[in-house]
Amino acid sequence: MPSFERREVHLTLPVARDMEIAATAQVGVLGELLQMERDRIDEVKLAVVEACINAFEHSGTPDRKVEIEFVADEKSGRPFLEVWVIDAGRGFDPARVAEPVIREKIHSKEKRGWGLKIIESLMDDVKIESGEHGTRIVMRKYL
Amino acid sequence: MSERLTVTVERPDQIVAILRPDGYINASGGEEIAKEAYALLGGGVVNLLLDLERTRIVNSIGISILIEILEKVLDQKGKLAFCRLTPTIEKTFQIMGLAQYARLFPAVDPALAWLRGETE
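Which chain is which? The protein sequence lines are Y and S, in order.
Mapping to numbering that gives the first Met the number 0: the first sequence position 123 is 122, numbers consecutive.
Mapping to numbering that gives the first Met the number 0: the second sequence position 50 is 49, numbers consecutive.
Just chain S, same shape as in the assembly (with noise of 0.2 Å):
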C-alpha cells in the first residue's frame, strides 16, 4: 500500500479517457492522477472517467485532488464519472457530495456511456 501509486491511461476513442489509478491515494497518488488528467484535458480531451477498481482508500487529500481535477473538467464543459469504487469509497464521496458534480458506476460500460452522451 505504501508503494507508489501508479496511474495507466487508456483512450478506447476520441472523446473519452480512461484512468486506472492501482494505490493508496493519498498526496502524491492524486498528484499523479492529476498530471495524467491535466495531460488529457490540456490535448482536448475533457470527459474523464477514473477507474477505481484497484484502489481501496482514497485520504481526504486525495480527495480534494480529486476536487481541483473535476474543478478543471468542469471548466472545460466536460464531465468526470468514477467507476468500480469500493462501498466504502463511494460512501465517502456521497458523504461528502462529490456525486453532485461527478456521476458514480458500478462497471465500465455504463459510466463511458454517458460520456459520451449515449445515456442520461
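Isolated chain Y (complex conformation) (with noise of 0.2 Å):
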C-alpha cells in the first residue's frame, strides 16, 4: 500500500430520484485511490445507495437535502474508506427497526425494509447517530 494523505470529499445531494447514483462515483474514485478491491468498491457503492435511499425516503428532511462526507484515510495503519449520510430530518430508532426476514416478505404486503441489514453487512463497522435534529449514518471499510 503505497502512502497517502488523507482526502476528503463533500457531497451535497438534492432529495431526488436516482440522485445516490452520484454517491457512488465519489466511492469508486476514492476506493482506486486506497486500491480496495473492485468488489469492496461495489460493497461501500451499495451501502451509501441504501443510506441515501433511507435518508431520500424517510428522513422528511426539511431542507430536502443530503449531505455527504467521504474520507480516505488509514488507522494504525489500516487503510480505509469511510462515508458519512447526513441529514437534517426526523431521525429514528435504529433499535426498533425489525429485522427483516425472507420468509416474511413473501406473500407479505410490505417487502421493504432491507436497507439497514445491508448496510450493516456490507460494511466493517456502522454507526447510526439519530436524534430529532437529524441522522448520520458513519460507515467505514478498510481495504
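In short, the hints are calculated from the structure, not lab data.
Derived lysine-lysine pairs resembling DSS-like cross-links, with alpha carbons at most 30 Å apart:
(1) K74(Y) / K126(Y)
(2) K90(S) / K126(Y)
(3) K108(Y) / K71(S)
(4) K116(Y) / K90(S)
(5) K76(S) / K108(Y)
(6) K64(Y) / K126(Y)
(7) K71(S) / K34(S)
(8) K71(S) / K90(S)
(9) K116(Y) / K34(S)
(10) K90(S) / K108(Y)
(11) K74(Y) / K90(S)
(12) K34(S) / K108(Y)
(13) K116(Y) / K74(Y)
As the structure is a prediction and not an experimental result, all values here were calculated from the model.
Mind docking these for me? Both chains are given alone in their own frames, and the hints should help you get the complex.
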C-alpha cells in the first residue's frame, strides 16, 4: 500500500430520484485511490446507495438535502474508506427497526425494509446517530 | 448508470425464458423486469432466468420487486434462477436469504439445466 495523505470529499445531494448514483461515483474514485478491490468498492457503493435511499424516503428532511462526507484515510496503518450520510430530518431509533426475514416478506404486502441490514452486512463498521434534529450514518470499510 | 434500464428477453425453448437487464436495478428498473416477467408468466412460461451480467447495483427497492417476481413464480409452481451476479450482488442475495428460494449460478448453462429439471 503506497503512502497517501488523508483525502476528503463533500457532496450535497438534493432529495431526488436516482441522485444516490452520484454518490457512488465518489466512492469509486476514492476506492481506487486506496487501491481497494473492485468488489469491496461495490460493497461500499451499495451501502451508500441504501443510506441515501433511507434518507430520501424516511427522513423528511426540511431542506430537501442530504450531505455526504467521503474520507480516505488510515488508522494504525490500516487504510479505510469512510462515508458519512447526514440528513436534518426527523430521525429514528435504529433499535426499533425490525430485522427483515425473507420468509415473512414473501406473500406479504411489505417487502421493503432491507436497507439497514444490507449496510451493516456490507460494511466493517457502522454507527448510526439519530435524534430529533437528524440522522448521521457513519460507515467504514477497510482495504 | 442513471439511464433507464433495458431488458431483453430470450426464449431458448418452450420451458424457460432468459431476462437480461442492462443497468441499475432500482424501482423503475425493477418494474421493467417485472413487466417482462409477468408477461412471460401470463403466457405460461414459469421457469425464469435473470442473467445479471450487465448489472452492477441492485438496490433494496429493486430487490423488493425481485421478491414480488419470485412470489409469482412460486405461485405458478415455477422456478427462478439468477446467473452471472457480481460478488456484491450475490453476497446481498445471500444476506437476505433470497438464495433459499431462488438458485444462483455462475453461468447461463448450469442455470438453464436446473430450470429444465436436468440437474438437482
